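J.: Residue numbers (the working numbering): 258 to 460.
Treat the hints as calculated values from the structure; they're not laboratory data. This structure is a prediction, so every number in the text was calculated from the model and none was measured. Heads up, some of the hints might be wrong.
[Said to hold, decoys possible] As a list, the in silico DSS-like pairs of lysine-lysine whose alpha-carbon atoms are at most 25 Å apart: (1) Lys391 / Lys381; (2) Lys269 / Lys391; (3) Lys269 / Lys372.
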Amino acid sequence: MPRRSTANNHWKEWVENPDEHPRFHFWRPDDTSLAEQRLGEWIYTTSCLAFTTLHDRAVATSLAESKPNWSAIASYYSSVHALRLFWLALYGGYPTRHAELGTCLRNTGRFEWPKRVPGGITVKDGRPRPVYDKVSSEAAHSALQALGISSVTPDWLDMLGRTFERACNLRNDANYESLVLAHQYLHRKPSTGRLPPNAAHLV
Numbered sequence: 258m259p260r261r262s263t264a265n266n267h268w269k270e271w272v273e274n275p276d277e278h279p280r281f282h283f284w285r286p287d288d289t290s291l292a293e294q295r296l297g298e299w300i301y302t303t304s305c306l307a308f309t310t311l312h313d314r315a316v317a318t319s320l321a322e323s324k325p326n327w328s329a330i331a332s333y334y335s336s337v338h339a340l341r342l343f344w345l346a347l348y349g350g351y352p353t354r355h356a357e358l359g360t361c362l363r364n365t366g367r368f369e370w371p372k373r374v375p376g377g378i379t380v381k382d383g384r385p386r387p388v389y390d391k392v393s394s395e396a397a398h399s400a401l402q403a404l405g406i407s408s409v410t411p412d413w414l415d416m417l418g419r420t421f422e423r424a425c426n427l428r429n430d431a432n433y434e435s436l437v438l439a440h441q442y443l444h445r446k447p448s449t450g451r452l453p454p455n456a457a458h459l460v
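Work out the full structure: start from the sequences and follow the hints.
T.: Rendered as structure tokens:
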């Protein structure tokens, strides 16, 4: 069954169109023998995302005054993991591209994780390509309403998406520096007690 070119705007479409939303159905297998395995995988993945979200947030808080640049980076990645956890819990997948995490809160996002789901990979020009699940912010809002979470409005999701997009743009502008800083703050100095000249600004 070919996929439609537009995203569905209500969460019930996720249930009614398994060909368009294989990641939503991946965690709900018809084969009962897979149900326990899928549950274990889902618990493990959500636990990892939750722990990383809280860990990065704790790092950001602890470094807020002494190393504000590192604190900002840790805060950013805490937000990335939090949004992935949100979408995994709500839908069953998420975008791996950071920018898409903000886009799908405001409009329509393309979800390609988990990659190894039935219908999630196609071959084009001899190379495997992801087949995206298209998920709209309207569908996410309708799912939250169905769960009784009425305090989250479309305007709030839009604001959150815009805020994250700004943070993502800032991260992209200084991506190399961010990667260096993110992995340096717990490293010890060399045994000589001195850093190389080109790394002195990292202290």
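J.: Does each hint hold? Answer for all of them.
T.: Now the hints, each set against the structure:
1. Lys391 / Lys381: Judged against 25 Å, a Cα distance of about 19 Å means the pair holds.
2. Lys269 / Lys391: Measuring from Cα to Cα gives roughly 14 Å; hence the hint holds.
3. Lys269 / Lys372: holds (23 Å)
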